[in-house]
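Model the full assembly from the supplied sequences, consistent with the hints where possible.
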Amino acid sequence: MLSTVNILVQFVEGHMETRLFEDALYNDPDIEKLLSTELAPQYALAAHTLYHYLITLNYRNPIDVLNAESVIVKYLKEQQGINVQVSSDRADMVKFITTVQPKWLELDPSYVQQLMQEAPEKLSKDELKKWLQCRILELFRYAKKPPKWLQAPAWPMGEKKPLVFLGQITIPDYFHDEAAAYVFHDPVTQQCQTIVQVC
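Residue numbering for the sequence shown is 14 to 212, as defined by my numbering.
Be a bit skeptical, because a hint or two may be false.
[To be verified] No more than 25 Å apart at the CA atoms, straight line, and that leaves these computed lysine-lysine pairs for DSS-like:
no., residue 1, residue 2
1, Lys116, Lys161
2, Lys158, Lys142
3, Lys108, Lys142
4, Lys142, Lys173
5, Lys143, Lys173
6, Lys157, Lys143
7, Lys108, Lys143
8, Lys116, Lys174
9, Lys157, Lys116
10, Lys161, Lys143
11, Lys138, Lys158
12, Lys138, Lys116
13, Lys135, Lys108
14, Lys157, Lys138
15, Lys46, Lys87
16, Lys174, Lys158
17, Lys158, Lys173
18, Lys174, Lys142
19, Lys108, Lys157
20, Lys116, Lys173
21, Lys46, Lys108
22, Lys143, Lys158
23, Lys116, Lys143
24, Lys174, Lys157
25, Lys142, Lys161
26, Lys108, Lys174
27, Lys142, Lys116
28, Lys158, Lys116
Derived by calculation from the structure, the hints in this document are not laboratory data.
If you want it as structure tokens, here you go:
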């Protein structure tokens, strides 16, 4: 059985699967005790301790996993005096996920990982990238042109798949700043949804 600190080391070095780390985090009272003595990172406003911060993260989201990895590496170095060799696998996955998306999308990494599960088996990395790019374009459809977002992309999802982008309307002289309305259609419900962005 691994010691509490060794579990943390194994996780950040990539020798422990994320789901096993998450299981240990929730079920090992020694991990809770150890990490509850440390303050949460300053940017974690809702969490008081490092342990509470770590249990608020979504371990199916690769960005949250990277955040967990980052604070654990800092904890191990500063509080335990342990330097670790961080695996680049998780960071590489996040980079890969961002490269398969067009610039007018900003998908949740866990959604892209779900799409990856649909891919044919035994694809090379380049083949998987091409497959994902095609699959994303099949799912995130638009009538004529993709949206030109004023802020971060906010593509709405229907019950089963993304809505279809119909178009955008510039809204001059109504809001104090530049504004646009983005109109989406749900082919399943036949309903339209409008998103307004102001910047």
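Taking the hints in turn, this is what the structure says about them:
Proposed proximity of Lys116 and Lys161 is supported: the alpha carbons are some 9 Å apart, at most 25 Å. For the proposed pair Lys158 and Lys142, the alpha carbon gap of about 23 Å is at most 25 Å, so the pair holds. A distance of roughly 12 Å separates the Cα atoms of Lys108 and Lys142; the hinted pair therefore holds under the 25 Å criterion. For the proposed pair Lys142 and Lys173, the alpha carbon gap of about 23 Å is at most 25 Å, so the pair holds.
Annotation: proposed proximity of Lys143 to Lys173 holds, straight-line Cα distance about 23 Å (limit 25 Å). With a C-alpha separation of about 22 Å, the suggested pair Lys157 and Lys143 falls inside the 25 Å cut-off, and the hint holds. Pair hint Lys108 plus Lys143 holds up; C-alpha atoms about 15 Å apart against a cutoff of 25 Å. For a cut-off of 25 Å, the pair hint linking Lys116 to Lys174 stands: about 19 Å separates their Cα positions.
In summary, the hint linking Lys157 to Lys116 is supported, as the alpha carbons are separated by about 16 Å, within the 25 Å threshold. A threshold of 25 Å between alpha carbons decides the hint, and for Lys161 with Lys143 the separation of about 23 Å falls inside it, so the pair holds. Taken as a hint, the Lys138 and Lys158 pair is broken in the structure, with Cα atoms around 29 Å apart against an allowance of 25 Å. This hinted pair checks out: Lys138 and Lys116 have alpha carbons roughly 20 Å apart, not beyond 25 Å.
Restraint check: the Cα-Cα separation between Lys135 and Lys108 comes to about 20 Å, which is no more than 25 Å; the hinted pair holds. Among the hinted pairs, Lys157 with Lys138 is inconsistent with the structure: their alpha-carbon atoms are about 31 Å apart, more than 25 Å. A distance of roughly 18 Å separates the Cα atoms of Lys46 and Lys87; the hinted pair therefore holds under the 25 Å criterion. With a C-alpha separation of about 19 Å, the suggested pairing of Lys174 with Lys158 holds against the 25 Å cut-off.
Restraint check for Lys158 and Lys173: satisfied, since their Cα atoms lie roughly 23 Å apart, inside the 25 Å limit. Our distance criterion of 25 Å between C-alpha atoms is met by Lys174 and Lys142, whose separation comes to about 20 Å. For the proposed pair Lys108 and Lys157, the alpha carbon gap of about 29 Å is over 25 Å, so the pair is violated. For the hint pairing Lys116 with Lys173, the CA-to-CA distance comes to about 23 Å; that is within 25 Å, so the pair holds.
Under the criterion of a C-alpha separation no larger than 25 Å, the hint pairing Lys46 with Lys108 is inconsistent with the structure, at around 34 Å. Distance check on the hinted pair: Lys143 and Lys158 sit about 21 Å apart at the alpha-carbon level, within 25 Å; holds. With a CA separation close to 16 Å, the supplied pair Lys116 and Lys143 stays within the 25 Å bound. Between Lys174 and Lys157 the CA atoms are separated by roughly 19 Å; this keeps the pair inside 25 Å, and the hint holds.
Under the criterion of a C-alpha separation no larger than 25 Å, the hint pairing Lys142 with Lys161 is consistent with the structure, at around 24 Å. For the hint linking Lys108 to Lys174, the alpha-carbon distance of about 24 Å falls within 25 Å, and the restraint holds. The suggested pairing of Lys142 with Lys116 holds, with an alpha-carbon distance near 15 Å, which does not exceed 25 Å. Taking the CA atoms of Lys158 and Lys116, the gap is near 13 Å; set against the 25 Å cutoff, the hint holds.
Hint compliance for this structure: hints 11, 14, 19 and 21 are broken, all remaining hints hold.
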